[in-house]
Amino acid sequence: MGRVSIEEVSLEFRTRRTGTIVALDSLSMEIPDKQFAVIVGPSGCGKSSLLTLVAGLNDASSGCCRVDGRVVNGPGADRGMVFQSYSLFPWLTVRKNVEFGLAVGGLPAPERTERALRHIEAVGLSGFEDAYPVQLSGGMQQRVAIARVLANDPEVLLMDEPFGALDSQTRSIMQELLLGIWEREQKTVLFVTHDIDEALYLGDVVYIMSARPGRIIDTIEVGLARPRRYDIVTSERFVGHKRRVMASLHSEVQKTMNLTPPDPGESGSTS
Amino acid sequence: MAANLLERLFTPKRPIARNLEIGIGVTVATSLFAAWCIVTYGGLVKASFLPAPDAVGDAFVATLADGSLLKHVRVSLLEIYTGFVLSSVIAVPLGIFMGSFRVVAAAIEPVVNFMRYLPVTALIPLLILWIGIGFEEKVAVVFLGVFFQQIVLIADVSAQVNDDLFKVSYTLGASRRQVVTRVLLPATMPGVLDTLRITMGWAWTFLIVAELVAASSGLGYMILQAMRGLHPATIFVGIFVIGFLGLATDLVFKYAKALLLPWTTVR
Ligand SMILES: Nc1ncnc2c1ncn2[C@@H]1O[C@H](COP(=O)(O)OP(=O)(O)OP(=O)(O)O)[C@@H](O)[C@H]1O
Ligand SMILES: [Mg+2]
Numbered sequence: 001m002g003r004v005s006i007e008e009v010s011l012e013f014r015t016r017r018t019g020t021i022v023a024l025d026s027l028s029m030e031i032p033d034k035q036f037a038v039i040v041g042p043s044g045c046g047k048s049s050l051l052t053l054v055a056g057l058n059d060a061s062s063g064c065c066r067v068d069g070r071v072v073n074g075p076g077a078d079r080g081m082v083f084q085s086y087s088l089f090p091w092l093t094v095r096k097n098v099e100f101g102l103a104v105g106g107l108p109a110p111e112r113t114e115r116a117l118r119h120i121e122a123v124g125l126s127g128f129e130d131a132y133p134v135q136l137s138g139g140m141q142q143r144v145a146i147a148r149v150l151a152n153d154p155e156v157l158l159m160d161e162p163f164g165a166l167d168s169q170t171r172s173i174m175q176e177l178l179l180g181i182w183e184r185e186q187k188t189v190l191f192v193t194h195d196i197d198e199a200l201y202l203g204d205v206v207y208i209m210s211a212r213p214g215r216i217i218d219t220i221e222v223g224l225a226r227p228r229r230y231d232i233v234t235s236e237r238f239v240g241h242k243r244r245v246m247a248s249l250h251s252e253v254q255k256t257m258n259l260t261p262p263d264p265g266e267s268g269s270t271s
Numbered sequence: 001m002a003a004n005l006l007e008r009l010f011t012p013k014r015p016i017a018r019n020l021e022i023g024i025g026v027t028v029a030t031s032l033f034a035a036w037c038i039v040t041y042g043g044l045v046k047a048s049f050l051p052a053p054d055a056v057g058d059a060f061v062a063t064l065a066d067g068s069l070l071k072h073v074r075v076s077l078l079e080i081y082t083g084f085v086l087s088s089v090i091a092v093p094l095g096i097f098m099g100s101f102r103v104v105a106a107a108i109e110p111v112v113n114f115m116r117y118l119p120v121t122a123l124i125p126l127l128i129l130w131i132g133i134g135f136e137e138k139v140a141v142v143f144l145g146v147f148f149q150q151i152v153l154i155a156d157v158s159a160q161v162n163d164d165l166f167k168v169s170y171t172l173g174a175s176r177r178q179v180v181t182r183v184l185l186p187a188t189m190p191g192v193l194d195t196l197r198i199t200m201g202w203a204w205t206f207l208i209v210a211e212l213v214a215a216s217s218g219l220g221y222m223i224l225q226a227m228r229g230l231h232p233a234t235i236f237v238g239i240f241v242i243g244f245l246g247l248a249t250d251l252v253f254k255y256a257k258a259l260l261l262p263w264t265t266v267r
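Line order of the protein sequences matches chains G and S. Count the first sequence with the numbering used here and you get residues 1 to 271, in order. Count the second sequence with the numbering used here and you get residues 1 to 267, in order.
Derived from the structure by calculation, the hints contain no laboratory data. Check before you lean on any hint, since a few could be wrong.
Unchecked claim - In the DSSO-like style, the derived pairs of lysine-lysine whose C-alpha atoms are separated by at most 27 angstroms in a straight line are:
(1) G:LYS96 - S:LYS167
(2) G:LYS187 - G:LYS96
(3) S:LYS254 - G:LYS96
(4) S:LYS167 - G:LYS187
(5) S:LYS167 - G:LYS34
(6) G:LYS96 - S:LYS257
Unchecked claim - Label-pair distances were calculated between CB atoms; the ranges are:
(7) G:CYS64 - S:PRO262: 42 to 48 angstroms
(8) S:ALA107 - G:ILE173: 48 to 54 angstroms
(9) S:ILE198 - G:ARG184: 47 to 53 angstroms
(10) S:ALA107 - G:GLY124: 46 to 52 angstroms
(11) G:THR18 - S:PRO119: 39 to 45 angstroms
(12) S:ALA29 - G:GLU114: 50 to 56 angstroms
(13) G:GLU111 - S:PRO93: 30 to 36 angstroms
(14) S:LEU6 - G:THR18: 48 to 54 angstroms
(15) S:ALA34 - G:GLY124: 56 to 62 angstroms
(16) G:GLU176 - S:LEU6: 24 to 30 angstroms
(17) S:LYS254 - G:VAL134: 14 to 20 angstroms
(18) G:THR18 - S:ASN113: 50 to 56 angstroms
(19) G:GLU8 - S:TRP202: 54 to 60 angstroms
Quick reminder that beta carbons are idealized off the backbone N, C-alpha and C, glycines included.
Given the sequences, and given the hints that come with them, work out the whole structure.
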């Protein structure tokens, strides 16, 4: 099980330089078990902060997060996280990286290796078990990070722009790979991205966050049949959703940059 | 064609052929040696100013034959390694903790930062008053000379470890203790080895200064005695021996890194 409830969560950062920054303002979300939930929002609106709170890596200023009704008060292996920066352990081989969670959990070596090899195969990296991360491309490193988190069999997967640093071809291959895995393993996913196509292609539901302080301003039930093929991006329904997300995001992004929308009547004039 | 070669040689970080690399190194070293031969055998400088290579060779054989060279080398090596190992054994863990635990930093940072700007050479007279001019004093000079530098450099290595590695470890189920032993320690190892390699070079400086100031044996003492007896050739023997010992230590560090931390050298 992996129902995630985010209940009126607020998060403030106090720094001497910038004073108090309200990153999240009484944000609530209810993500049912096994749902693929995607969060999009302008840069700096608090998406990463929100995932960190669900992961238990930081404490909310008020409100709380629950997984299956249990209040989150610290990190745990039931909520695995994947970062944009891959974050592999450079001193461990691919296999040892994937075994890390199992090793700290005390699983005996033979079982650990067997499970690691299975997950390395699932992300298509058989043959690279003994390579070090520096020897792999970015896409391969991110596949190791995914294998590592899946080997741990968490209930909830938290993914913070995992494909943000990849080129577009690699990214779409990774998206298909992730969807394949998710359809097999049936986990709750909280996925943050900047890419609207990625959000709609992957998600059951897409949440749109406002500029800081972050709140949910729109929720889109994607409702596209699964398994999805990449050509759904041209379907009418997809394009309709995309228009809606772009419109909401555009005005929020402008707010973060202190821009006001141009007045249509005066466009082109210089003042 | 020539312009093309120059362009290739002076492209930042571009590898060059192994043979060319060795060739360049050998050429520069031989040229320096040739220049030495020319100025000495050509009579451009007096032998009392710069001795000729054969005079240095003779002095080397003579000090080797009467056992004095090996005795001084043994004394210096024992002093430097005792001081260096004692310092490293304490500074490495303390530095790692100082860089990653605010409470350790709060406790020792003020003292460390005070001590690290104090040149250890200024402490030599005091150390002589306290513990004499023997083995213990040399060990103390080497220790005080590198200890505070090692702590600061290693604390920096430790503070630079990517925070995401800790976060990901916690979400993989690691405890705080496991994060220290399985993530913080291995992550700092390359930086720790580099720090040891750099501070070993400094340790030689401090040791030789201490031996020049007051000693009854050691390579610095040997050099000083040679100066008093007007034996420049023996001074050069001392200098070359120190240089080669340093070179050997550096090679050991280099191979230790390739052997112990294979992931830093694979490509
Ligand atoms: N440790 C911190 N100290 C102070 N302020 C912080 C800290 N972490 C985040 N913030 C602030 O909180 C806000 C939200 O940050 P967060 O990283 O969650 O945004 P984000 O939505 O993930 O942005 P991006 O899309 O660029 O990754 C930002 O305005 C940031 O300046
Ligand atoms: Mg972010």
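Structure-based check of all given hints:
1. G:LYS96 - S:LYS167: 18 angstroms, holds
2. G:LYS187 - G:LYS96: 24 angstroms, holds
3. S:LYS254 - G:LYS96: Distance of about 25 angstroms is within 27 angstroms: holds.
4. S:LYS167 - G:LYS187: 21 angstroms, holds
5. S:LYS167 - G:LYS34: Roughly 24 angstroms between the alpha carbons, so the hint for LYS167 (chain S) and LYS34 (chain G) holds.
6. G:LYS96 - S:LYS257: Holds, at about 20 angstroms.
7. G:CYS64 - S:PRO262: 42 to 48 angstroms: 45 angstroms, holds
8. S:ALA107 - G:ILE173: 48 to 54 angstroms: 51 angstroms, holds
9. S:ILE198 - G:ARG184: 47 to 53 angstroms: 51 angstroms, holds
10. S:ALA107 - G:GLY124: 46 to 52 angstroms: 50 angstroms, holds
11. G:THR18 - S:PRO119: 39 to 45 angstroms: Hint holds: Cβ distance 40 angstroms, inside 39 to 45 angstroms.
12. S:ALA29 - G:GLU114: 50 to 56 angstroms: 55 angstroms, holds
13. G:GLU111 - S:PRO93: 30 to 36 angstroms: Given about 34 angstroms between the Cβ atoms, the range holds.
14. S:LEU6 - G:THR18: 48 to 54 angstroms: Between LEU6 (chain S) and THR18 (chain G), where Cβ atoms are some 50 angstroms apart, the hint holds.
15. S:ALA34 - G:GLY124: 56 to 62 angstroms: 59 angstroms, holds
16. G:GLU176 - S:LEU6: 24 to 30 angstroms: At 48 angstroms between Cβs, range violated.
17. S:LYS254 - G:VAL134: 14 to 20 angstroms: This hint holds: roughly 19 angstroms between Cβ atoms.
18. G:THR18 - S:ASN113: 50 to 56 angstroms: 28 angstroms, violated
19. G:GLU8 - S:TRP202: 54 to 60 angstroms: 57 angstroms, holds
Hint compliance for this structure: hints 16, 18 are not met, and every other hint is.
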